[in-house]
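With the hints as constraints, model all of the structure from the sequences given.
Chains as they are written, first to last, in our numbering: chain A, 209 to 589; chain B, 65 to 411.
In case anyone wonders, no lab produced these hints; they're calculated from the structure. Treat the hints with care, as some may be off.
Stated by the list, open to error - A partial selection of chain B residues facing chain A, derived with a Cβ cut-off under 7 Å:
#	residue
1	GLY301
2	ALA311
3	SER314
4	LEU323
5	ALA326
6	ILE400
7	GLY401
Glycine residues also receive a C-beta, built at the ideal position from the N, C-alpha and C atoms.
As a plain string of letters, each chain reads:
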Amino acid sequence: MTVESLEEFRARARSWLADVGPLEVPADPDARFDVLRRWQRTLFDAGWVGLAWSREAGGSGLTHAHQLVFVEELVRARAPQPVGLIGLEVVGPSIDRYGTDEQRRELLPRLLSGDDIWCQGFSEPDAGSDLASLRTRAVADGADLLVTGQKIWTSWAHKAQWCALLVRTDPSVRKQAGISYLLVDMASPGITARPIRQMTGDQEFCEVFLDEVRVPRRNLLGAENEGWAIATHTLGSERGAATLRRRVELEVALEDAVDALRSRGTLGHRARAAVGRAHVAMRVLDAQTRRTTERLLADAGPTPVDSVDKLVLNEVEQTVFAEIAALLGPLRAVPGSRPAGLGSGRWAHEHLYSRAASIYGGSSQIQRTIVAERLLGLPRG
Amino acid sequence: MAEHDDLASAVDDYLTRTYDGDRRRKLLDAGGWDTRLSAELADLGWYSLAVPEERGGIGASPADLGRVFMEYGRHLVVGPQLENSLLPALVEGLTPDPAGIPAALVDPGVTHDWVDDLGTLALTGRELDGTVDAVRFAVQAGVLVVLVGGTVCLVDPDAPGVRIEALDSADPGTAFGRVCFDGTVVRRVLADGGLVDRIRAWARLLLACELSGVARGALDRTVEYVAQREQFGRPIGTFQAVKHLAADMSARSTSLNNLCLAALADADGVSDADLDLISATAKAHAADAAVQVCEDAIQLHGGMGFTTEADVSWYYRRALALRGWYGDATELQHRIGTALLTTGSPR
Ligand SMILES: Cc1cc2nc3c(=O)[nH]c(=O)nc-3n(C[C@H](O)[C@H](O)[C@H](O)COP(=O)(O)OP(=O)(O)OC[C@H]3O[C@@H](n4cnc5c(N)ncnc54)[C@H](O)[C@@H]3O)c2cc1C
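Next comes the structure, spelled out in structure tokens:
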């Protein structure tokens, strides 16, 4: 069978998205989550989820290039992303790569369809940037492991059916060497997820407490004590996929802001300068991601250049939203207002959210150290 | 793609071989004018690259010059490279001079925000009047390319009514002159309506490329320096504060390089309005990013960075001089915002 050309594929995606029309997304967070989960199901049934995944895993067996085209069309249509992004972009690729046939068969189709929402239980209160120092313990108990400890900042843990959990299985060796990667059913007794309110007002991430949670050994991803390499793979997928999606989202956000400003007509010096700065930043990101895309399509694997990408993305994302949000002036504090034609609530929210970009997925400081040591070859401290 | 890379690496090879530290320093001390270097580059055919074949050139696109300008920036090859490479490529009636004697670009519109400080020109019929107070390589030029309003004309420097005075220059790579016209009859008026904008747009884009090379050069020197300079018993490159500054320089320099490459790839054959936007975007970013990289470079060189001994101080002064030529970041951001917000959307 020949692979559908990208142009045909794009046209098909565009017309399908036009046919389903705009989606009503409620403001209430729980109702919103349910609608977006149904949306993932709709996308999945129509064959748009897991485009680059193998057919055995429930995907469409197309290429990363198709996936990119679809993301572009989805964002351009102002349609929301499927809700299970952590599964799709972060955890799923590692299960596909390192999982047993049984794990892939049982877990991946449900991950793609949105029947199972996944969360990523990596960070802990005392293990953030220094992730390898994590302390959540798993001890052998017959055929099972018993897990005790605490995770934090776990996005969507309160909604998730499954968790990709990093645990310490051997405290006696070098910190990276004693870590295992577990796939944990969130319905297991002993798990409590408590949402934390973010400065945006949303409750997307949680504290997760684990108290002697029983996990069968067959839910190890990869071998015992070999979880660190897989965790690195997971973080790498997160950066790659998110960078490319984020570029399109930012581009469309800036277009929306420009359209709003134009429709309002009154354009001060501030608006022109802000749009100019945001546009330049956006072009910088576009130029940078052309290289990223080349590497992704060539399956080049992780390189220290990914850290340059992340630094550029963070800075551009924060610049674009800071420039737009600055045009809200004092009305930033009145979410229902429309200063200069811009919906205050949306842009203030986007701006706040952009501050997380330089924290999650490896902070900007961590990326700078990687660039200096692995790209520029500066000596280690 | 591959052939562009070949061109860049051929230029890089040649400059690495022949344009060594001594020669560079001499040129910088001489204010950027060296008849031997100009003749040499003319002889190599670098000035004919983007000149159409019917005018004796190689017939590449002006975009192909971008890679060459990145190398000029990196190796600090200064002098009338822009004039010699770009003007014969775009302006009918000009051919590359075999001895590398440049045309000068007499343009009161090299900047928007300082336009009142640069002087004004008026063309009545074929008679030219007025003054431009800062013209690169005016004294050295064999012909003047004058941009007046929306018109391009060619003027002989020794025509009656032309006066050219040499000026002091703080750009180590450029000699400046003041050009005055008093009832000067121009040699030729060019009919092409979009040419003024096209010359400015390409100049802007090539200067952005040069600045990208300048940033790269300053970064490379700095990475070498911090890996070797020791304080507190170890290389200063082991200190995290130093590493992070170097990493920022690297991210800035890389992103500027990528932006210029993307702009060059996109610039070929687009409408004049799009070319304007693309070039303004590249130069807006280049103006700030290159200066910032050079400032960090000087910081990481300590006292040495403040001297003329250190290459980074030359890179910095070059970046500062090029920053405002055909628009600095502030001016161009405003121009871009205006284009996006008021004209038909040129996305
Ligand atoms: C919106 C959001 C969603 C998230 N979702 C998830 C999720 O789903 N799952 C998950 O596991 N985690 C998630 N995280 C957590 C995220 O990965 C961590 O916040 C991140 O790794 C940083 O860890 P920390 O918060 O403990 O900060 P710290 O590591 O304490 O860092 C604090 C500051 O110190 C700096 N610093 C730390 N070490 C160094 C060093 N060696 N050199 C220089 N500077 C240093 C950091 O750069 C930072 O500025 C999320 C975070 C956010 C903000």
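Hints and how they fare:
1. Using the Cβ-Cβ criterion of 7 Å, the hint placing B:GLY301 at the interface with chain A is satisfied: the shortest such distance is roughly 4 Å.
2. Restraint check, B:ALA311 versus chain A: the minimum CB separation of about 4 Å is within 7 Å; hint holds.
3. Annotation: B:SER314 was flagged as interfacial toward chain A, and the flag holds, the nearest CB pair being 6 Å apart, inside 7 Å.
4. Nearest Cβ of chain A to the Cβ of B:LEU323: about 4 Å, under the 7 Å cut. The hint holds.
5. Hint status for B:ALA326: holds, given a least beta-carbon distance of 4 Å to chain A, under 7 Å.
6. Taken as an interface hint, B:ILE400 checks out: its beta carbon lies about 4 Å from the nearest beta carbon of chain A, inside 7 Å.
7. Interface restraint check: B:GLY401 against chain A, minimum CB-CB distance 3 Å, threshold 7 Å, status holds.
Hint violations for this structure: none, all hints satisfied.
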